[in-house]
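S.K.: Quick note, the sequences are listed as chains A and B, same order. So the first sequence is residues 729 to 970, counted in the numbering used here. So the second sequence is residues 197 to 450, counted in the numbering used here.
No lab work stands behind these hints, which were simulated from the structure alone. Cβ atoms here follow ideal geometry from the backbone N, Cα and C, with glycine treated the same way. Some clues are possibly wrong.
Unchecked claim - List time: in silico DSSO-like cross-link candidates among lysine-lysine, alpha-carbon distance up to 27 Å: (1) A/LYS804 to B/LYS448; (2) A/LYS761 to B/LYS267; (3) A/LYS761 to B/LYS448; (4) A/LYS745 to B/LYS448; (5) A/LYS934 to A/LYS967; (6) B/LYS267 to B/LYS363; (7) A/LYS754 to B/LYS363; (8) A/LYS844 to A/LYS804.
What the hints assert, rightly or not - On the chain B side, residues computed to face chain A include the following (Cβ under 7 Å): (9) ARG220; (10) SER328; (11) PHE381.
What follows is the residue order along each chain.
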Amino acid sequence: MNNHESTNEGRLAISLKNVAVAYSQKSGLFRRKDYWAIKDVSFDLFHGETLGVIGRNGVGKSTLLRLLAGIIDPDKGEVLNYGVVASLLSLQVGFVQYLTGRENAILSGMMLGLAKQQVLMNMNDIRDYADLGEFFDQPVHVYSSGMRARLGMSVAVYANPDVVLLDEVLGVGDVEFREKSAATIHEMCQSNRSVVLVSHQPAMHKKLCDRLIWIEDGCVRKTGDVDSVLSEYMHYFEKTRS
Amino acid sequence: MNKFRHYFSLVMQKSAADLLTEARRGYLGVLWWIIEPIIYMSVFYLIFVVVFDRGGEDRVGFLLTGLVVWKWFSAAILQSSNSISANVGLIRQVYIPKIVFPSMAIMSATMKFFIVFILLVGFLVLSGKTPSISWLSIPLLISIQWLLMLSIGCILSVLVPFLPDMKLIIENGLILMFFLSGVFFDISVASPEVKTFLYLNPMVGIIESYRNVMLNGVWPDWIFLSVVVVSSLLALLVGVYMLVRYDRQFAKVL
Chain A
729 MNNHESTNEG RLAISLKNVA VAYSQKSGLF RRKDYWAIKD VSFDLFHGET
779 LGVIGRNGVG KSTLLRLLAG IIDPDKGEVL NYGVVASLLS LQVGFVQYLT
829 GRENAILSGM MLGLAKQQVL MNMNDIRDYA DLGEFFDQPV HVYSSGMRAR
879 LGMSVAVYAN PDVVLLDEVL GVGDVEFREK SAATIHEMCQ SNRSVVLVSH
929 QPAMHKKLCD RLIWIEDGCV RKTGDVDSVL SEYMHYFEKT RS
Chain B
197 MNKFRHYFSL VMQKSAADLL TEARRGYLGV LWWIIEPIIY MSVFYLIFVV
247 VFDRGGEDRV GFLLTGLVVW KWFSAAILQS SNSISANVGL IRQVYIPKIV
297 FPSMAIMSAT MKFFIVFILL VGFLVLSGKT PSISWLSIPL LISIQWLLML
347 SIGCILSVLV PFLPDMKLII ENGLILMFFL SGVFFDISVA SPEVKTFLYL
397 NPMVGIIESY RNVMLNGVWP DWIFLSVVVV SSLLALLVGV YMLVRYDRQF
447 AKVL
């Protein structure tokens, strides 16, 4: 997991320039209406940093992660990728019900961009990380949702992209596993790779992030060090509530 | 090139997984790959050979050849046209070039077709057909049909997410095509005007080619096959262009 050299530190990984994204919604028989989830967002992501994204529900945080992952193209502006592989640390990518945990790990790992050989080489680690016991060789449809999430998490951890995009995935499984995944994420943030972390928990941003971006209504409201952005965000929140 | 290899192996892995899934779902397991097509063919045999007494002297072989080939086509088109919409969850989570999805659908349909096709050949040989030299063109016919399906599947897979209503049109269009493709009647008995119209459906000529080759020991119509190849390649070009053009748009419309 530690093959990311530190020589890249401080270099640009991805930059967003005046990016806007619209979803078209059906409104009538042949009519479609555009809804702008992101209106104007610009920022740079550097190698090795952990960038936090904060904002209320529905302000376009998930859309932002999809842009960074290259899943969608912007409708305006541009996303410049300086040769990095960015992927969402998503759980349960393409699980097939009647395949075993092991078979699903291969398929899911391949969908996350690993060669089959790489997954097979890491199979013991994936199995140990998921810690499912003999369930690892049983079909996924007998798993509980917690067990499924554990398998997903362990495949995602070993998929090892340059830029990890995290969307509030920490509440997975039982207490023990939650601690394990929190430790892994902590480790990722400390390591030389870039992490973008979307979360509603200021405590987590404080603990893990180097910088913070506050998104409000599809635009960047403020960028800067964690403490100053957080305090302004909290302040704004108090004001709107009262 | 490396990427191409990766996505190709992903297509193979997923198609194999689909086959396994089907086998593990029921109690009969792998047997379903054989039982299902036998049931399917028996139904049509019962209706068109026993009840209506249709077809010439080779009627059972005539009917089964048409059915096997048609079933491959309709399964491949139905699944590939749906392939991008059906994988919304995946498409929203991870970037995969979208051409992978129709290819996967066609590959799973093809794997199942091979099993059934081997059964068909076994049946024909057991019922007294001796393989003739023309059988050498069977792999070519299969490849041409595969190319035709891939080109149609790619185009439809792009259209369905944007126009979900297409799904119903495709389903019913396939039913219509099935009845007009000469699976259970001989096209050559139709009047010339009707015939020209029917031949607009490429599957008519393809099914006829399989029958000529496998039942009558005659070489297929090379000119017709060349026309199918050229038009499929053109359509494939359009389909791949559309898939690339809208590659990173699907997660927004689905």
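S.K.: Hint by hint, say whether it matches the structure.
M.R.: Hint check results:
For the hint pairing A/LYS804 with B/LYS448, the CA-to-CA distance comes to about 14 Å; that is within 27 Å, so the pair holds. With a C-alpha separation of about 40 Å, the suggested pair A/LYS761 and B/LYS267 falls outside the 27 Å cut-off, and the hint is violated. Pair hint A/LYS761 plus B/LYS448 holds up; C-alpha atoms about 13 Å apart against a cutoff of 27 Å. For the suggested pair A/LYS745 and B/LYS448, the alpha carbons sit about 20 Å apart, so the restraint of at most 27 Å is met.
The straight-line distance between the Cα atoms of A/LYS934 and A/LYS967 is roughly 22 Å, inside the 27 Å bound, and the hint therefore holds. A C-alpha spacing of about 18 Å is found between B/LYS267 and B/LYS363, which places the hinted pair at or below 27 Å, so the restraint holds. Taking the CA atoms of A/LYS754 and B/LYS363, the gap is near 17 Å; set against the 27 Å cutoff, the hint holds. The straight-line distance between the Cα atoms of A/LYS844 and A/LYS804 is roughly 37 Å, outside the 27 Å bound, and the hint therefore fails.
With a least beta-carbon distance of about 4 Å to chain A, the hint placing B/ARG220 at the interface is held under the 7 Å criterion. For B/SER328, the interface hint is violated, since its Cβ never comes within 7 Å of a Cβ in chain A; the closest pair sits about 41 Å apart. Violation of the interface hint for B/PHE381 is found here, the shortest Cβ-Cβ separation to chain A being roughly 40 Å, above the 7 Å cut-off.
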